[in-house]
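K.L.:
Letter by letter, the chains look like this.
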Amino acid sequence: MGPLINPQQIINGLQLGSIYALIALGYTMVYGIVRLINFAHGDFFMIGAYAAYAAFFAFNAMVAGRTGTLAFIVLVIAMATSASVAWLANKLAYKPLRYKPKLSSLITAIGVSMFIEYFFSAFPAIGASYRAFPEIIPRRDIHIGPAVVSNLVLIDLAVAAILMIGLTLLVRRTTLGKAMRAVSQDKDAARLMGIDIEMVISFTFLIGGAFAGAAGLLAGMTYPRIFPYMGILPGLKAFIAAVLGGIGNIPGAMLGAYIMGIAETFASAYNSLIGEGIAFAILILVLLIRPTGLLGEKIADKI
Amino acid sequence: MKLQKFPRFLAVVILFYAVIEILFKLDVVNGYLLHIINLSLIYVILATSLNLINGITGQFSLGHMGFAGVGAYVSAALSTLVFKLSPSKPGDMLVFVGCIVAGGLAAAVVGLLIGFPSLRLKGDYLAIVTLGFGEIIRTAFNNLDVVGGPRGLLGIPKFSNFTTIIIASALSVVVIRNLIQSSHGRAMLSIRENEVAAELVGIDTTRYKVMAFTFGAFFAGIAGGLLAHLIQLAHPTQFGFIKSVEVLIMIYAGGVGSITGSILAAFGLTFLSEGLRLGIRSLADATGLPIGGEWRMVIYALLLIFIMLFRNEGLMGTKESKIIELPEVE
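Sequences listed follow chains U and Y, in order.
Position 8, counted from 1, in the first sequence is what the numbering used here calls 8; the numbers after and before it change by one each time, with no gaps.
Position 113, counted from 1, in the second sequence is what the numbering used here calls 1113; the numbers after and before it change by one each time, with no gaps.
FYI, nobody ran anything at the bench for these hints, they're computed from the structure.
Watch out, some of these pointers could steer you wrong.
Said to hold, decoys possible - Simulated restraints on C-beta separations:
1. U/Arg191 / Y/Leu1309: 43 to 51 Å
2. Y/Arg1120 / U/Arg172: 33 to 41 Å
3. U/Ala128 / Y/Gly1091: 45 to 53 Å
4. Y/Gly1091 / U/Lys102: 50 to 58 Å
5. Y/Phe1116 / U/Pro101: 36 to 44 Å
6. U/Arg181 / Y/Arg1277: 47 to 55 Å
Stated by the list, open to error - Keeping only pairs whose Cα atoms sit at most 25 Å apart, straight-line, the calculated BS3-like set for lysine-lysine is:
7. U/Lys91 / U/Lys187
8. U/Lys91 / U/Lys178
9. Y/Lys1122 / U/Lys100
10. U/Lys100 / U/Lys187
11. Y/Lys1122 / Y/Lys1243
12. Y/Lys1243 / U/Lys102
13. U/Lys102 / Y/Lys1319
14. U/Lys102 / Y/Lys1122
15. U/Lys91 / U/Lys102
16. U/Lys187 / Y/Lys1122
17. U/Lys95 / U/Lys178
18. U/Lys187 / U/Lys95
19. U/Lys100 / Y/Lys1319
20. U/Lys102 / U/Lys187
21. Y/Lys1243 / Y/Lys1158
22. U/Lys95 / Y/Lys1122
23. Y/Lys1025 / Y/Lys1158
Claimed, not checked - Example chain U residues on the side facing chain Y (calculated, C-beta under 7 Å, incomplete):
24. Ile37
25. Ser104
26. Phe115
27. Tyr118
28. Ser121
29. Ala122
30. Val149
31. Leu273
32. Gly275
33. Leu285
34. Leu287
In this text, all values refer to a predicted model and were calculated from it rather than measured experimentally.
Even glycine gets a Cβ: it sits at the ideal position worked out from N, Cα and C.
Can you build the whole structure from these sequences, using the hints too?
P.N.:
Structure below.
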């Protein structure tokens, strides 16, 4: 079977896409609301993986044998840790620059990203070396025709789907979601309508961070190797996925992430170097052909 | 572009050169210190050329070291693989200059190729694209066996010395400064101040953005070539994203749009960086604690964040010293 019609690759691509989607959602929500490319977002993903690693060893003995409970506790801790770091980064580094030139926040975001990465690798208890991620849920393979679907694939897809449905409901059906949409459309008008903009922004960082944390846990379980710089490339690719879908657009980020996941899996199967470069090729193509992304709307420049 | 008279700057450069040479002969400045000065002078080229793109033209490039990498590899490949020189014959210095300029031109061509499609983009998108290109260039070096792959390009002849580096550095500053003074430079400044207004008065903004980008890439390539011939090694990790951010920190610490600021920050931060390296090592030795070299980058990151939070415009803002003689733009 040729590499182009290989169902195994599609399954692997969907699995990778689920992880990208969870990261991309944070990028796209933050960009939609504060127009900032949060460079540190990939590092929130890395923090989620490390938090899950620590939580596993902290609770493994306590809930011995009950895999489901353990996995749930680990997931909650990963999400909570990343969410708190994201919230803190916003409070300390991004909020003071909210009304300064846009590039200042971008450079600060680079600084925050560097700080998190090097602090993790410099801190003696963590260190720069690779760590093997523990097997939280034992892997089992299910054979469907020529393809192998492991239970991890199903878990990745399910967790991503549940979180994404939850987010969609939150944004579409709740008052907070309505406030988020209002702020993303027009910050000043939203403020005049009595919306607490800073509260909405903080909440956006919390959700984005939580999703990145969940992605960190899933990535740790799927590709069981973690290190302080593990967030850089997935973060960049998830950002490209968000641009592909139309940055600021939530369904767009999901669509873009799955396209990226599948494209990368197929390209890597063909040649590993092309697999690494395809994300950037997609970015250049999108920016040249359709800079607003697949689902994005064109916004005219205000003069 | 007419090269304007530049007496005060030239006097300062010659004085600096003479003082360092004399102190070196008297053994006050040792080889290590001279090496740091050489590195600082190379960073002066990198910072001023990035300032042309980010500070003067108001674009945002995150892949500057990628261009330096092109310059380093091309010039080093020429001087080692093609000429197989040992730096002894009298004509060799001319060949070396040729190799460095060829490296700069190669970087400029890459800059032109990257600039055309990507400079249609604004601000943060441009940052991502240049970051991506920088990483692609680095990955390419990592995978090209002709230039050593992940081992890097070894055995480069040591052509760079204090004299060649200071000449190249001073020339770069003069050319960039004269470019800013020219009508082209004014067009670039107008893009930074207000791109829409610049376009409305008939400035071909894309053309000037590409021009700034290509010039910046050329000088980055020169700096890369000098660096490769100084440390006799060209390695993919020297030209990665983090190195680009280090140059970025320099221009934001010194002042976006200030050549003087870039020069001061290039010296200041290169010395700070070496100081931190030594300080951390002796602290680790003295206390016996496992204090790794990564703390240097932690401090760098905090420095960048604090500059942005508390002194957004950098040390010099857009001011220039009298030595550079660049008129202020209101």
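K.L.:
Each hint needs a verdict: does it hold in this structure or not?
P.N.:
Outcome of the hint check:
no.	hint	verdict
1	U/Arg191 / Y/Leu1309: 43 to 51 Å	violated (23 Å)
2	Y/Arg1120 / U/Arg172: 33 to 41 Å	holds (35 Å)
3	U/Ala128 / Y/Gly1091: 45 to 53 Å	holds (47 Å)
4	Y/Gly1091 / U/Lys102: 50 to 58 Å	holds (52 Å)
5	Y/Phe1116 / U/Pro101: 36 to 44 Å	violated (26 Å)
6	U/Arg181 / Y/Arg1277: 47 to 55 Å	holds (49 Å)
7	U/Lys91 / U/Lys187	holds (18 Å)
8	U/Lys91 / U/Lys178	holds (23 Å)
9	Y/Lys1122 / U/Lys100	holds (17 Å)
10	U/Lys100 / U/Lys187	holds (15 Å)
11	Y/Lys1122 / Y/Lys1243	holds (23 Å)
12	Y/Lys1243 / U/Lys102	holds (23 Å)
13	U/Lys102 / Y/Lys1319	holds (22 Å)
14	U/Lys102 / Y/Lys1122	holds (11 Å)
15	U/Lys91 / U/Lys102	holds (17 Å)
16	U/Lys187 / Y/Lys1122	holds (21 Å)
17	U/Lys95 / U/Lys178	holds (22 Å)
18	U/Lys187 / U/Lys95	holds (14 Å)
19	U/Lys100 / Y/Lys1319	holds (20 Å)
20	U/Lys102 / U/Lys187	holds (15 Å)
21	Y/Lys1243 / Y/Lys1158	holds (22 Å)
22	U/Lys95 / Y/Lys1122	holds (23 Å)
23	Y/Lys1025 / Y/Lys1158	holds (20 Å)
24	Ile37	holds (5 Å)
25	Ser104	holds (5 Å)
26	Phe115	holds (4 Å)
27	Tyr118	holds (4 Å)
28	Ser121	holds (5 Å)
29	Ala122	holds (4 Å)
30	Val149	violated (32 Å)
31	Leu273	holds (6 Å)
32	Gly275	violated (11 Å)
33	Leu285	violated (10 Å)
34	Leu287	holds (6 Å)
Checked against the numbered hints above, the structure breaks hints 1, 5, 30, 32 and 33 and satisfies the rest.
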